[in-house]
Amino acid sequence: MMGELRELYQEVIFDHNRNPRNFRVMADANRRVEGFNPLCGDRLTLYLKVEDGTIKDASFQGQGCAISTASVSLMTELIKGQTEQEAEELFEVLHKIITSQDEAVNLEELGKLAVLAGVREYPARVKCATLAWHTLVAALKNDRDTVTTE
Amino acid sequence: MTSATQQAPMLSMYDTSYDVKRIRADFPILQETVRGKPLVYLDNAATAQKPNAVIDCISHFYRHDYANVHRGIHTLSERATAAYEGARAKVQRFINAASEKEIVFVRGTTEAINLVVRTYGQAVLKAGDEILITAMEHHSNIVPWQMLCRETGAVLKVAPINRKGELLLGDFEKLLSNRTALVAVAHMSNALGTINPVDEIIHLAHARAIPILLDGAQAIPHMPVDVQALDCDFYAFSGHKLYGPSGIGVLYAKSEHLEAMPPYQGGGDMIRRVTFEETEYNTVPFKFEAGTPNIADAVALGATVDYLNEIGMKAIAAHEHQLLQYATERAHEIAGLTLIGTAEHKGAILSFVLDRVHPHDIGTVLDHFGIAIRAGHHCAMPVMDFFGVPATARASFAMYNTFEEIDRLMEGIEQVIEVFG
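Chains A and B supply the protein sequences, listed in that same order.
In terms of my numbering, the first sequence has 1566 at position 98, counting the first letter as 1, and numbering is strictly consecutive.
In terms of my numbering, the second sequence has 269 at position 18, counting the first letter as 1, and numbering is strictly consecutive.
For the record, the hints were derived by calculation from the structure and aren't laboratory data.
Quick caveat: nothing in here was measured; it's all calculated off a predicted structure.
Every residue gets a Cβ at the ideal spot worked out from N, C-alpha and C, and that includes glycine.
Just so you know, not all the hints are guaranteed correct.
As the list claims (entries may be wrong) - Taking beta-carbon pairs under 10 Å as the criterion, some of the chain A residues facing chain B (in silico):
| hint | residue |
| --- | --- |
| 1 | E1472 |
| 2 | G1509 |
| 3 | R1511 |
| 4 | C1533 |
| 5 | A1592 |
| 6 | C1596 |
| 7 | L1608 |
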């Protein structure tokens, strides 16, 4: 596979796509929001258990492309144990990096999410990577409606 | 990957006398490279590329003949009017309409359908009336009717399809009733490639005196269309899918309907006499063309039609039929590939899904090989729901595509499977 494509489809992405983490319905969730990408028709349901401003548990269900599946899978891993504010800040950093053309971005800030930085080169795929996160923001606002990437 | 020795005998079964090389030379964009590879453009159902004849016509018109139409008495205005009305006559002959007056220039298929909804539909539809569409419609032949039904209390009825993506004609017939005010059907499906049995559909509708609109956006680039032989009441299509400019399209309607229909938009050119008390409308088709129209693109649509007539729609249809047949055979060889849309009567569209690979990922990887396909719901979400997929990958062929390009597509798909396998 060619270099640029390899940047997008890193091994970690394949891994999460094949074996998504926290892929389950959460019976005792206190937040449940559906995310929808009208561009491709992908849908996901995000489940959160938020107690005292901290995300105690996160899981999801749904079908999507490799990028969106890896993004939501990684997200559920990373936000577990984070405060709501920390989770939102993480999204802000991710969003800045994958939508900026600035080469000098600090991938270290992103930690594990750095594998999603390759999406930068594919404007048409940015929404695949951010669907999970838009859904998260809606869930943290306790918004029970379906959110879209538009 | 299929070896060359396997491919050769298959290809020899096809008639390759169609001069695709000469046609390709007419389309400058086909010389482009994408990501270092020669472009393989297989997104023709979304929009087709433009030949020099069209590109040069637009340039020439703006350089030499451009002025506003139907008003000036100066030379350029006369020239522009002659070119604009000349294009209307060319379109009339291209689809064999009975009169130039039956050709209304619009922005595209979507506007053509909306025009019928907002004029004919709004005038005739009452609460309890029904509009009958099919389960394979593009959103543009669903949403405008849905909006009108909401406003009028009419009901939108949907004729079902089978797993091959074919209309169930018996069910369609049962859905026709004395409440059916209009039938609106895709001549060819953009998501599945199905060519609908429009002769039978029109016959069934007309036997009950129900008018019929055909959404011709997909059909018109792939086959000869004769609106008089079809006897449809309305036929809508876009220039851009027909190798013509974007932003110009056509609504064909029988004169009797156009005469009876109220105007679409109010403004200049659609009037004969205006006072503050009342307005006398212009004759058809001008009654439906308010404001300065898309003059240059209409003229270039005329040039498009000239170009297509030279090659011949029958020859184009025959070439594309072979491409589809070849692509379908090659696709069957790929394990894990499922075709979505396997109607007996099909146009040059290959919609498919791969096990464990999402269409968007297919699209991105193929793009790396210079291959442009569409990945998504193709503005036909109900079709995706019916087949239980969020999206499909769609390769759609045009008159300039080649057997070699299909080989490259299949090699690309094999690569996708290897990468994601």
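Do the hints match the structure? See the list:
1. E1472: holds (7 Å)
2. G1509: holds (4 Å)
3. R1511: holds (7 Å)
4. C1533: holds (4 Å)
5. A1592: holds (8 Å)
6. C1596: holds (6 Å)
7. L1608: violated (25 Å)
In summary, the one numbered hint that this structure violates is 7.
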